[in-house]
Amino acid sequence: MSEELLKIDDLHVAFSTRRGMVEAVRGVTLAVQSGEMLGLVGESGSGKSVTGFATTRLLDAAGRVIGGKILFRGQDVTKLRGDDLRQLQGAAMSMIFQNPRAALNPIRTIGLQIADAILTHKRISKEAARAEALDLLRAVQIRDPEARMSAYPHELSGGMCQRVMIAIAISCNPSLLIADEPTTGLDVTTQKVVMDLLADIAAARGMATILITHDLGLAARYCRRIAVMERGRIVEEADPRRLFSAPQHAYTRRLVAASPTATSRIEDLVTEEEREAYAAVVSKPRTEVAHGTPPLLEVRKLAKRFDQGSAAVADFSMTMAGGESVGLVGESGSGKSTTSRMICRLIDPSEGDIVFDGQSIGHIASRDFHGSPFRKDIQMVFQDPNESLNPRYSAFDCIAHPLMRLDGMRAGDALRKRVEECAQRVGLPLDLLPRFPHQLSGGQKARVGIARAIACRPRLLVLDEPTAALDVSVQAVVLQLLDRLRRENDIALLFVSHDLNVVRMLCDRTIVLRNGGIVEQGESRALFDNPKTDYTRKLVEAIPHIQTGPVLAVAL
Amino acid sequence: MTGGLGATMVRAGRRLLSSLPALFGVLVFTFLLMRVLPGDPAVFFASGPNAGKEEIEQIRKQMGLNKPVPEQLVYYLSDIGHGNLGRSMMTGQPVLKDLRERLPASLELTFTALLIALIAAVPLGVVAALRPGSIVDHGVRLFCALGVCVPTFVSGLLLIYVFYYLLGLAPDPTGRIDVFTSLPPQRTGFLSIDFLLAGDVEGWWAACKQLILPAVSMALFVIAPLARITRASMLVSLGSDFVRTARSVGLSWHKVVVTYALRNAILPVITIAGIVFSTMLGANVLVEKVFSWPGVASYALDALLSSDYAPVQGFVLLMASLFVLVNLLVDVCYGIADPRVSVE
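Top to bottom, those sequences are chains A and B. With the first letter of the first sequence counted as 1, position 48 gets the number 264 in my numbering; the numbers rise by one all the way through. With the first letter of the second sequence counted as 1, position 297 gets the number 291 in my numbering; the numbers rise by one all the way through.
Note that these hints are calculated values from the structure, not bench results. Where is the CB? At the ideal position from N, CA and C, for every residue including glycine. One or more hints might be untrue.
Calculated cross-link-like contacts (lysine-lysine; reagent style DSS-like; alpha-carbon spacing at most 30 angstroms) [claimed, not checked]:
(1) A/K592 <-> A/K633
(2) A/K748 <-> A/K408
(3) B/K283 <-> B/K203
(4) B/K283 <-> A/K338
(5) B/K203 <-> A/K295
(6) A/K408 <-> A/K517
(7) B/K283 <-> A/K342
(8) A/K295 <-> A/K517
(9) A/K295 <-> A/K338
Some chain A residues well away from chain B (every beta-carbon gap over 12 angstroms; in silico) [stated by the list, open to error]:
(10) Q305
(11) Q314
(12) S387
(13) A519
(14) F612
(15) R626
(16) E636
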């Protein structure tokens, strides 16, 4: 049973870059038994994907294995050439990828793409291959498989595309499947369905699986054994229970702490040593809003219809008090981003009213809103810190821009002071200010985005998935920063996210959206602990949970 | 996918309608431009250099040039509406007839040149993209640079010098066919096709030999943009996720490169080919002159030099309509080649 299917021995992989050779994997040793599911966890840049690509021989031209062995059934994969290699790829081991839609050929029907894979390794007729492809579509539980055979990838949802990708990967019954972030970018509910399917298929066919992910919770849910990677090395390898209850390595401890769980609070997201500074902020009591204060934001019967389609958002009403934080959750297509953009006055609502600080702002056309005095009161932080910063603006310019446009400040000492003050508020080192976005890390860019949004001292900050593109440890820091801004500056936060764990920690209240309508709303903790609707329950149950120490002790 | 095709047709129809105002604009603009340019057709067509003032006045009145320009424009537009492009002073024939006689020659030359260019450029671009930075890649780049640097009339003359004068392989560069070959019955107007339809292989070979040098010299000029765009989009395609997927299941090299990478990479090449074709149609006047090719471009140039309004206006209208048609064709091709287009 415990026959070793794959054995990676002291693997080194280097990439040639403009700055010379950079070693991405530095001595990874790993073994996979046949039939087991191994989790390979780490943050971006840890070399986990590179290890996977080296194993399947899909490293791009710049990458090279410079040391070590990858033994698959005793055969060194790194030395295979030509036909031997093609025999291996697909037939013996295969891979599924992040971003399933891009991973499929956009101008070839999915039936043909699956058949391509089958015909590569089996000498059968095209009709037989087509029939097998149809069976595979059934196996991955695609509805109406006959019709889907002639569909193109763009006609399918992300989850469907990933199922097709799984069908392609398992088409020739490989004994090893490497799944590289297979569900990143999918909704939590879809994520669960796809991962369950993958686990079932792997179990039914006795396939060994390596699950490469940044999500500890996901790995913990599906894997018996987890290897944690940091900067090209494996720092710890254990079963999930041991890993979470008693992490040995300092990096694992930090990673475990930063992964939000069902019970964690924002202050828990860092290791105990780092917790001190933050505790002081949290302990300060919040000033209670006096009775009878009008709400900061009141939204009444908001609706948005895009041309000729059905309503993206319909009958959406909510209120927010100053300094309050409200979460807006739902699956993709639920209208949460559309709603947040209407409130931000980036797009015009079709119906309804938005009242901010007692004044109606819903009727001001979004393209004129930059002239409104309320523009600086309502600011936005966008999802992708890479895309939302002007690549030709330095960090300083990014933060100074709204000050000059909205506060009418001129270049000079006063402006410099304000920008530096903002940078300090978000914990951005001042020596990074002259840098351009591509010279900053993801977390630093996120801070610039937040500093830019708070530069004009807004009263309402709308955040559209601000941490979705960030590693968990960076996410932890950003979340703490947001929470502190709210507590210290009384900024109200409207937090749009699909990550329920994050919303639960950060937001006082939560609104659950589905198909453009409100399904449920209420106090975050109560709502998540005791969901009233099936939809919310499904969302909550889909979150992969980490079993932590005390819980485990009871279970044992 | 009949639905996709239908949607493409609807889109194409809409495109055609929306280009009508542009065509009208071209008409009016060319008309006005011709009146502004120096040169008086009446003086030009007066019987001799010593024609009297009265005689010139007479001709001018006869041609309607004494009327105010807006009135001339109205007459012109109504003529166009009736399908009358006017009469060429130069040949004495209706412009429509002249163009109809000469257009197939130009089209045959341009199509052949584009075909040669595509056949050469796509493989060159693919080979260069498969090994970026290699000697092959640099070789292709050098070849493309040379093709662009050398003007078509120079490369045309060089080709004549080498293949006609030195090697004697090519026939003398005097039009579409030598005077001794009898013409086939006209069906398509494309000599190479008409000969084939008539079953005259010898005549077909003679026509092809006449065609090959001018077509190659035109093709040389447009290989560069086509090869470069093929290389660039092939590089993107080869680096894309779906090619990685194809490699991950062990598809053969041929399948990965041709079916997966190239079919996706060819989409932008179609667009560029359409643009290149339109440019070639208008710009092949130099090649037509060098090879005495009886095409529309050299006809228009001659008319322009002799201030013969009607042929020039007719030529510009023809070019604009062809441009619209070619773009339409590209649109339809794109809709068929890329299933995503018809949805958006």
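Exercise. Okay, which hints does this one fail, numbers in order?
Worked result: Hints 4, 5, 6, 7, 8, 10, 11, 12 are the ones this structure does not satisfy, whereas the remaining hints hold.
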